[in-house]
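Please work from the sequences and hints to get the whole structure.
Quick mapping for you: the protein sequence lines, in order, are chains A and B.
First residue of the first sequence? That's 1 in the numbering used here, and the numbers climb one at a time after it.
First residue of the second sequence? That's 1001 in the numbering used here, and the numbers climb one at a time after it.
Since the hints were derived computationally from the structure, they do not count as laboratory data.
Every clue listed holds true.
In silico BS3-like links for lysine-lysine, alpha-carbon gap of 30 Å or less:
no., chain 1, residue 1, chain 2, residue 2
1, A, 141, B, 1376
2, A, 18, B, 1376
3, A, 139, B, 1014
4, A, 139, A, 123
5, B, 1376, A, 16
6, B, 1376, A, 115
7, B, 1376, A, 82
Partial list, computed: chain A residues near chain B (C-beta under 10 Å):
no., residue
8, 49
9, 86
10, 88
11, 92
These numbers come from a predicted model, not from an experiment.
From the three backbone atoms N, C-alpha and C, an ideal C-beta is built for every residue, glycine too.
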Amino acid sequence: MSAAVTCRNLEKQYTKGKEVVPVLTGINLEIEEGDFVALMGPSGSGKTTLLNLIGGLDHPTGGEIEVGGVDLNDMNGRELAKWRSEHVGFIFQFYNLLPVLNAQRNVELPLLLTKLSRKQRAKNAGTALEIVGLADRAKHKPSELSGGQQQRVAIARALVADPSLLVCDEPTGDLDRETADEILGLLQTLNQEYGKTIIMVTHDPLAAERARHVLHMDKGKLVTDAGVEV
Amino acid sequence: MSLFSLMWANLFRKRTRTTLTLLSVMVAFLLFMLLQSIADAFAVGPQIAGNDRIVVGAKYSQIDNLPYSQKQQIMAVEGVEAITHTTWFGGMYQDGKSFFAQFPVMPLEYFEVYSELMLEPADALQRFARERGSAVIDIGLVDRFGWQVGDVVPLISQIYSKKEDGSRTFEFEIVGTYSDNGRSSSFPVMLFHYERFRESVAFGGDSVSQWTVRVSEPDRADEIAQEIDALFENSSDPTRTTTEDESNREFARQLGDMGFITTMIMSAVFFTIVLLTGNTMTQALRERIPELAVLKTLGFTDMTVSLLVLGEAVLLCLVGGAIGVGMAFLLGPGLSVSLEEVLGSFEIAPQAALTGVGLSLVIGLVIGALPAITAKRLAIVDALRRQ
Ligand SMILES: Nc1ncnc2c1ncn2[C@@H]1O[C@H](COP(=O)(O)OP(=O)(O)OP(=O)(O)O)[C@@H](O)[C@H]1O
Ligand SMILES: [Mg+2]
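This is the structure in structure tokens:
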């Protein structure tokens, strides 16, 4: 199998005034296509930062990053935007749906960037909602849905353009155990039956158990289970 | 769904806020339309042409009268071709609620001097000259009072009473209407026969408020004016003569003032609108920063997100502006009834609507500019972190 994500000596630092804050200090990582990876680690260890780099939301300050065979280092903002819309689905802790749009329209949003016809867009959005089991709530606004339902809509939105990679930042962080299990089950299905590569940041060991592999981070580095740098 | 419907949906995120903003934009544009139309009504004013006419009035006060006896002396001045006069009659129609001016004139003289005025029907001038109880009216008065040829109109004079019984009520039979090429004057007048006036009033029958003189050589108008004033300088009734051009210039200056005042008021109103709505927009944007970051995450470019925000501001102003302009057309007919008494003619101007819509577009762009720039510059990772 080929690599879905390759990071070589990846670095990210922020500059606050004159002070330089190193956040990622040399990440080496390879994730294969079709993998389901859980990324764990203490707060502030750099999980979100790494996920954002992999998802093409931010530029690294050093090292190399390749996703789906594409070198992200050389892309400008506009190119990254187009690349994201075609290849990556994003799932956040707080769902981040647009409150003014109903479920169907929220899911349809990424398709506005495609050449699909109006009819085809609506159809694909409907299919994505069916996959997450929310076809009957298509006309509901986010405020009329439970947390778990909103996260399902967000997953449908992440799926609708059929990306090969899903990045999830604490997707169950705001949900109760039972609902979290449902969402994790859904992610497993997407991984196993639809072949999506999934990278999921989580603080929840039970959630991490659902993944095929678990990576640990500490202070901007990947470490082994025992806390040794890899 | 389309980008437009996304924009539209975003407008109604906070219904109350949007409604209030729409309302203020709407009121501003309603006001704009009304003021603009009032300024236009002024501008239509009496364009009675003629730099070949000069006007002779009392030197010290417009309400002083001049004696009829001056006529012969003025006519004797070289270059004076024709002369007519008007006298302020001060008649009121219907309890004084409806004001308009009436002048006793010598019919043939008046329409010789104001040769651009056309009378209807064909025999109007003949009858007016022959029948002492007759009157002719500016077509503006036809629109206002619905009078027709043959109607008898009673007027109560605030100045003159009848010789025979001291009554102040005078009756006039309308024998014709006049207009300047179909247009009414902004100061529509009823003209009646001077002989009738002279015979019937108890006193002041030979009073003249002002002489209007037509000169043979417009180039010499100023010279002739000085000559006329010189004639009466040492009499008990000194005069002040101005060319009609000069009085038109005076009038134009006042029109300019009106336009200036309108512009000042509207600038203040639009300035306030830009500040208030701009503030609302900026506040609304702050609440939406995570949402805009999500749009960018999904692959919307900085430019698209920026245009989306700008589009919302423009849409809001256009909708508010369009409703305001529409309201003006709805309210216009009702207002024109009362405003026409003061202004002569009042109509919501269609060009003002175009200007209004254009302005609302510009204001939308101004209001939306800052939020649009903020939206464009928004970095996804920072914005997502902020929630
Ligand atoms: N824009 C920024 N400017 C300065 N420092 C930043 C910025 N973004 C992140 N950091 C710092 O980088 C470090 C890693 O942040 P990150 O969000 O990746 O951690 P995390 O592992 O996701 O934590 P959590 O589990 O709390 O979400 C933190 O110390 C954070 O303060
Ligand atoms: Mg995080």
